[in-house]
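Heads up: the protein sequence lines correspond to chains A and B, in order. Counting with this note's numbering, you get residues 1 to 511 for the letters of the first sequence. Counting with this note's numbering, you get residues 1 to 333 for the letters of the second sequence.
Bear in mind the hints are in silico, worked out from the structure with no lab data behind them. Take the hints with a grain of salt, since some may be wrong.
What the hints assert, rightly or not - In silico lysine-lysine, DSBU-like type, Cα no more than 30 Å apart, as pairs:
| id | chain 1 | residue 1 | chain 2 | residue 2 |
| --- | --- | --- | --- | --- |
| 1 | B | LYS283 | A | LYS329 |
| 2 | B | LYS317 | A | LYS329 |
| 3 | B | LYS217 | A | LYS382 |
Spelled out from the first residue to the last, the chains are:
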Amino acid sequence: MSLPEPILSLEKISKSFSGVQVLHAISVQVNAGEVMGILGENGAGKSTLLKIISGIYQRSSGQVLVAGEAVEITSPSDAKALGIAMIPQEFNLIASLSVFENIFLGQELKGRLLLNKKAMRQRTHQLLNLLETQLSPDALIEELSVAEKQMVEIAKALVNEARILIMDEPTTVLTSQEVEVLFKLIDKLKAQGVTILFISHKLKEVKQLCDRLIILRDGELISVVQVSEINEQDMARKMVGRELNQVFPPRSQVQSKVALKVENLAVKNLLSNISFEVRQGEVLGFAGLIGSGRTETAEAIMGLRRRQTGDIYVQQQAVQIHNIKDAVKYGLAYLSEDRQGCGLTMNFNLPENISLISLNNYSKGFINHAQTREKAQQYVRKFDIKAASLDTELLYLSGGNQQKVYLSKWMDTQPQVLILDEPTRGVDVNTKKEIYHFVQSMTEQGLAVVVISSDMEELIGLAHRVLVMREGQIQGELRDQDINEQQIMFLAAGLQSQAAPLSTTLQENHQ
Amino acid sequence: MSEVAKMDTKSNSSSASWVTRLPKFTLSNWAPLVALLVLVVLSAMASEHFLIPRNLTNVLRQVSYTGIIALGMTFVIIAGGIDLSVGSMVALVGVLVIMLLNYMGDGWMAVTVSIAAAMAMGAAFGAVNGLLTTKGKITAFVATLATMSIFRSLTLYISDAGEMVSQNNHYPDIGGGYWMGIPIPVWLFIGLAFVGHIILRHTAFGRHVCAVGSNPKVATYSAINVKRVYFLTFVIVGFTVGLSAVMLSSRLNSVSPGDAGLFYELDAIAAVVIGGTSLAGGKGTLWGTVIGAIILGIINNMLNLMGVSPYLQGTVKGLVILIAVLMQFKRDR
Ligand SMILES: Nc1ncnc2c1ncn2[C@@H]1O[C@H](COP(=O)(O)OP(=O)(O)OP(=O)(O)O)[C@@H](O)[C@H]1O
Ligand SMILES: [Mg+2]
Numbered sequence: 001m002s003l004p005e006p007i008l009s010l011e012k013i014s015k016s017f018s019g020v021q022v023l024h025a026i027s028v029q030v031n032a033g034e035v036m037g038i039l040g041e042n043g044a045g046k047s048t049l050l051k052i053i054s055g056i057y058q059r060s061s062g063q064v065l066v067a068g069e070a071v072e073i074t075s076p077s078d079a080k081a082l083g084i085a086m087i088p089q090e091f092n093l094i095a096s097l098s099v100f101e102n103i104f105l106g107q108e109l110k111g112r113l114l115l116n117k118k119a120m121r122q123r124t125h126q127l128l129n130l131l132e133t134q135l136s137p138d139a140l141i142e143e144l145s146v147a148e149k150q151m152v153e154i155a156k157a158l159v160n161e162a163r164i165l166i167m168d169e170p171t172t173v174l175t176s177q178e179v180e181v182l183f184k185l186i187d188k189l190k191a192q193g194v195t196i197l198f199i200s201h202k203l204k205e206v207k208q209l210c211d212r213l214i215i216l217r218d219g220e221l222i223s224v225v226q227v228s229e230i231n232e233q234d235m236a237r238k239m240v241g242r243e244l245n246q247v248f249p250p251r252s253q254v255q256s257k258v259a260l261k262v263e264n265l266a267v268k269n270l271l272s273n274i275s276f277e278v279r280q281g282e283v284l285g286f287a288g289l290i291g292s293g294r295t296e297t298a299e300a301i302m303g304l305r306r307r308q309t310g311d312i313y314v315q316q317q318a319v320q321i322h323n324i325k326d327a328v329k330y331g332l333a334y335l336s337e338d339r340q341g342c343g344l345t346m347n348f349n350l351p352e353n354i355s356l357i358s359l360n361n362y363s364k365g366f367i368n369h370a371q372t373r374e375k376a377q378q379y380v381r382k383f384d385i386k387a388a389s390l391d392t393e394l395l396y397l398s399g400g401n402q403q404k405v406y407l408s409k410w411m412d413t414q415p416q417v418l419i420l421d422e423p424t425r426g427v428d429v430n431t432k433k434e435i436y437h438f439v440q441s442m443t444e445q446g447l448a449v450v451v452i453s454s455d456m457e458e459l460i461g462l463a464h465r466v467l468v469m470r471e472g473q474i475q476g477e478l479r480d481q482d483i484n485e486q487q488i489m490f491l492a493a494g495l496q497s498q499a500a501p502l503s504t505t506l507q508e509n510h511q
Numbered sequence: 001m002s003e004v005a006k007m008d009t010k011s012n013s014s015s016a017s018w019v020t021r022l023p024k025f026t027l028s029n030w031a032p033l034v035a036l037l038v039l040v041v042l043s044a045m046a047s048e049h050f051l052i053p054r055n056l057t058n059v060l061r062q063v064s065y066t067g068i069i070a071l072g073m074t075f076v077i078i079a080g081g082i083d084l085s086v087g088s089m090v091a092l093v094g095v096l097v098i099m100l101l102n103y104m105g106d107g108w109m110a111v112t113v114s115i116a117a118a119m120a121m122g123a124a125f126g127a128v129n130g131l132l133t134t135k136g137k138i139t140a141f142v143a144t145l146a147t148m149s150i151f152r153s154l155t156l157y158i159s160d161a162g163e164m165v166s167q168n169n170h171y172p173d174i175g176g177g178y179w180m181g182i183p184i185p186v187w188l189f190i191g192l193a194f195v196g197h198i199i200l201r202h203t204a205f206g207r208h209v210c211a212v213g214s215n216p217k218v219a220t221y222s223a224i225n226v227k228r229v230y231f232l233t234f235v236i237v238g239f240t241v242g243l244s245a246v247m248l249s250s251r252l253n254s255v256s257p258g259d260a261g262l263f264y265e266l267d268a269i270a271a272v273v274i275g276g277t278s279l280a281g282g283k284g285t286l287w288g289t290v291i292g293a294i295i296l297g298i299i300n301n302m303l304n305l306m307g308v309s310p311y312l313q314g315t316v317k318g319l320v321i322l323i324a325v326l327m328q329f330k331r332d333r
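Work out the full structure, taking the sequences as your base and the hints as a guide.
Below, the structure is given as structure tokens:
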């Protein structure tokens, strides 16, 4: 590499939203063909910076240069014309349209008179192949899992063969396998001279993938470094501004009382023969690939999916759960992986969102607004939620901060069993730590926690036991020292391994 | 435990910069009220008759018939639905009420029972719409388009397309009466708006209505019975239709089945939209709807006072709706 020329230069970019400055004179140069990582806490301004480059937001001041020329990027189509494509953090897909229709939205291929659907399908098929997913170009978006939607977003960004590709947390919902595929693809693109801007809260990934890093804190540029010259610990320190240690707290003592027991759960075409139990104070992890049925298991327990068979016991009592209301009544809580689609009411403010499920606790006929605000304020403090005010609509919070509001919303139901589906999706290292410690402090008090996660570190660091699912069944169970990445991958992929098969461990349990 | 405490102290310092509120631009939220005030001033300047008390109470009375329905409609629209059948429903309830009155004879007893029956019938017809959309899974637009036609045709059939006149001597006192110089329908309109506002803003149900309209899936995952909420909004609008039918039929002491309530759905929906409630659902206010209804009423009144051809009044109304929606669109940006 001799004197690389910057394909993208940012000069003193600043941005304010109605008077609040979120970016302060950011100046950076990005070279052609490099992978530039962008790190920062939730609300640091990462997405805002990249949205300015891709024409979604307008900068308040400063200048953007592409290949040495000053440019005005006032809309996403300007960005497209300059060869800039973006994978947004929040999905931007039309639910009622198919995969290929979404990918070609606004740039449909036309035949002489009508749309050339065949060509569009074919191209979509190619892109999906590149991403090694089994998705059909004709699948409807509303039927896809979050991970699949993410894949569609990636494919959509690839379709124009941009020279600058912006990726805003593309890996938060992917399992390591899919991440692997994505990284291979990024390497390929890089070899073709494509420049990539990559946001992630997974420092390990960043270390593995990126050439250089931009670190932001509270809208200020803290440093631009070569990845080879910095380790994960230092990355975290620079982001947070202080030392960060002991991300995972020591595990709580598991109590003897079983908080949730599921027996022989089955859902048509999706799940069969799911049985497990969680004790008070225990953290039970669920691992598995995308489509292995982890989310579906949680939804079936919560009464969000029709069960064919299955008995559920809460605190050793058999319970009838017909809908999620029943589940909440029995003290079950479920934080969905899809905070945008299933989690939060985007035009509600913080107190309105946080009190939505637990509203009865605040209303004897009429809602006690002061009380909901007070409670919301407590969560804001506890989780360090960054919002302009309590009255801010959720729409205007950064992704990670939305996630914290979502967690607050479920915690406010005071559950006895908490099912967390990708709980730290899009959450920065510091907040992850806070959430882990929070979960730990709750388990100390007897809460039983089920964690579904694609983040192996999270499972290894948090869980007492891990169940690995595959194709709608529980493939095996790992406990204590046996919980490691290799074992999980083995089971998830359906390979025979040293792990004890499920039946024997279950027997042990019942001794 | 100590970890939690540490978090607290940390957040205090870091959230300090976020205490500074984003100054939310509120003028746009006040747009309906501003428009109303401007309109009043313009009207007062354009016609000396406008501010005469009798004219004002007349305008308000005229407004209250559709206004009452618009209040119910606000709930439906916030929940993400729409009800096109309200106009026909007014006629149907009106005809049935007068038949009941005449069956029961004279006296206040008959009036009381009939009013109660009107509310019940309205709620029941609303429930039909509610069932069609929730259990039948037909979109609100189509379901109520169908019932709009059905209700009107039943009205004509029952009444044999002839004017229905009540024999009751007390009935006209309801819709034609005054209390403290203000017509009873106006009191009812204001009272219902107040009650509606309390329900929408200060009860769990109202909160659920907004949540359902904003994103039904999120509402489902938040343990809200979405279908129940949706169903109940149709019952609410039906109930308001029942009351409106009483006011209307008692004022004239009769109902003409062919044109009672004609185009009420348009006026009600227009009032809701002018009042700033989004047709996409999820948010809206009842005071906005009240103002929207009054704006429409004043425009009608002014066009009359100024001698504009009645045939042109629809055009003006249409333009006002367009302006309101365009402003709303801007606000969403
Ligand atoms: N449209 C908006 N209006 C007002 N404020 C906004 C808007 N978008 C973002 N902000 C604010 O700007 C700040 C930076 O947000 P941004 O989305 O860039 O954070 P981020 O670094 O991407 O965080 P995360 O890791 O959580 O995604 C946040 O505090 C957010 O509240
Ligand atoms: Mg972001």
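To see whether the hints hold, each was checked on the structure:
no.: 1; hint: LYS283/B / LYS329/A; verdict: 28 Å, holds
no.: 2; hint: LYS317/B / LYS329/A; verdict: 50 Å, violated
no.: 3; hint: LYS217/B / LYS382/A; verdict: 28 Å, holds
In summary, the structure is inconsistent with hint 2 from the numbered list given earlier, while agreeing with all the others.
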